[in-house]
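So the sequence lines, in the order shown, correspond to chains A and B. Residue numbers 1 to 78, in our numbering, belong to the letters of the first sequence in order. Residue numbers 1 to 458, in our numbering, belong to the letters of the second sequence in order.
Calculated from the structure, these hints are not laboratory results. Small disclaimer: the values here were computed from a predicted structure and weren't measured. Every clue listed holds true.
Here are some, though not all, of the chain A residues that point toward chain B, as calculated from beta-carbon distances under 7 Å: (1) Thr31; (2) Ala35; (3) Leu55; (4) Leu61; (5) Ala64; (6) Leu67; (7) Leu70.
Note that beta-carbon positions come from the ideal geometry of N, C-alpha and C, so glycine has one too.
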Amino acid sequence: MLELMPASLFAAAVLLTLLAGFLGRGRSVLTLVAALCAGAGLLSGLALGWTLEDLLPPLALTCAAALAALCFGRGESR
Amino acid sequence: MNFNAPEFLIFFPIVFALHWLLPHRARWLLLLAASWLFYFWWNFGAGFLLVGTTLVSWLCARGISRTGSAAGKRALLILALAVSLGCLGVFKYAGFFASIAGLDLLMNILLPVGISFYTFQTLSYVIDVYRGSVPAENHFGYYALFVSFFPQLVAGPIERPENLLPQLRRERTFSRSNLSAGGWLLLEGYFKKVVIADSLAPFVDRVYGAPEAALGPEIILATVLFGVQIYCDFSGYSAIARGAAKLLGVDLMENFRRPYAAPTVREFWRRWHISLTSWFTDYVYIPLGGSRRGLPRQMLNILIVFLLSGLWHGAGWTFVLWGLIHGLYLAAGAVRERFRKGPAPTGRGMTAWSHIRTFALVTFPWLFFRAESLGDAALLLSRLPAGWSGVGQALTPLLPLVPVLLCLLPLERLPERAGERDWSLSALTVFCAAAAISAAWLAQLAGGGQNAFIYFQF
Chain A
1 MLELMPASLF AAAVLLTLLA GFLGRGRSVL TLVAALCAGA GLLSGLALGW
51 TLEDLLPPLA LTCAAALAAL CFGRGESR
Chain B
1 MNFNAPEFLI FFPIVFALHW LLPHRARWLL LLAASWLFYF WWNFGAGFLL
51 VGTTLVSWLC ARGISRTGSA AGKRALLILA LAVSLGCLGV FKYAGFFASI
101 AGLDLLMNIL LPVGISFYTF QTLSYVIDVY RGSVPAENHF GYYALFVSFF
151 PQLVAGPIER PENLLPQLRR ERTFSRSNLS AGGWLLLEGY FKKVVIADSL
201 APFVDRVYGA PEAALGPEII LATVLFGVQI YCDFSGYSAI ARGAAKLLGV
251 DLMENFRRPY AAPTVREFWR RWHISLTSWF TDYVYIPLGG SRRGLPRQML
301 NILIVFLLSG LWHGAGWTFV LWGLIHGLYL AAGAVRERFR KGPAPTGRGM
351 TAWSHIRTFA LVTFPWLFFR AESLGDAALL LSRLPAGWSG VGQALTPLLP
401 LVPVLLCLLP LERLPERAGE RDWSLSALTV FCAAAAISAA WLAQLAGGGQ
451 NAFIYFQF
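Extracted from the complex, chain A is given alone in its bound form (with noise of 0.2 Å):
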């Protein structure tokens, strides 16, 4: 179990940047929640011995997630 926790973790902030960029309400909290996530996840991956490269691809993915939230989604303006 203990080994599917980076994934998981990479896994709900994937799903929460996507929800708080395609949602539009709560964003603030969503995008904090999976920040946490996306951190928890860098950290416990290094804790399970990954290395920087089997971390780089759900990293990759969050960034993707968080820039298609950025570009594509209902980000207004400030």
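The hints should help you fit chain B onto chain A, whose structure is shown.
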């Protein structure tokens, strides 16, 4: 010094801080010293070549502006062209032309980094002064900075004097919008280079490094991925250059505008390496007559420009062939335009087809561009039918690259002022992108160093 070298992370913040601390009248000196340090870091001898070329072109342009006689102006123009192109010829093409002539050069000539870029920049300045479209710069320091400005010195954009020189002279003020826009450009550039381009490099290098063992599906995929790699590598460099310049209050020209979304090859060239394409258009294609002297002459002009463009990229037959193929595409496009009856067909299906067709047409010549030699390219083409039974097995190791490639689409759509959109999503994007860049960069450093930018060799 490379943009992705650890020393640049120390160099740039120091230059940035000093630049905004110093009064305007001292900034040119700081930027020039920083630019020469940036360049001399690679090779001392190459640095002297840069300074020498700068001095000769400055003196010739001053002479052109002060000489009254047309013959004198012309003689000085020819002298400047001969020195600049002579240096380029000796340092970049001597080996190539010697091999064509069947001669063996007794010494290996080191190719100075960025020589093609700064030579073209000095040429555009001298030609523009000769044409009278820009005034000659009297201050050697500002001119030397125009040639050597470190963000764009080694791989462009190839700037024009009318855009860059006035900006270097003008008093620049620090602005938060420049800070934000520059920061986003740096993030975009580093992400494209370190995360995307460098992740694709090992697979592409493996296939092109051993063409005799490559399988058909691998060759096709490696060629497509090389197209993505070189785009991310070079447009990443341009974005870093523009970002670093913007942080110093200078706007460099846009060098890429989503080229792979172009519906025609002609449109692709309006979006790919814009500064080089516009250089060849203004200083070669139009003086040759452009499209004004009939279709056969226009086709010849296109072929000349693209053969020169191929040679500009590298002294080798693979680059010449790459340029020739693009020249033939554009010449065929010119013929089609001339004989087309009625408007071009439209519709969603037609648009999708034109994008796919253009992508395929542009991707095919990358095989020659990336191959080590024409023999390797022929070997790769001959091996295309091999290995189709185990496609899945051959391509499984590439699955980790899918998330990296997924980033490219939104990255291409990143608004110019992304930082002014929703702050929480912007902060999350910066956090994730910075984490991915750091992970990829540290992994490279741990593996024995960073990958140089592909266009440095040109």
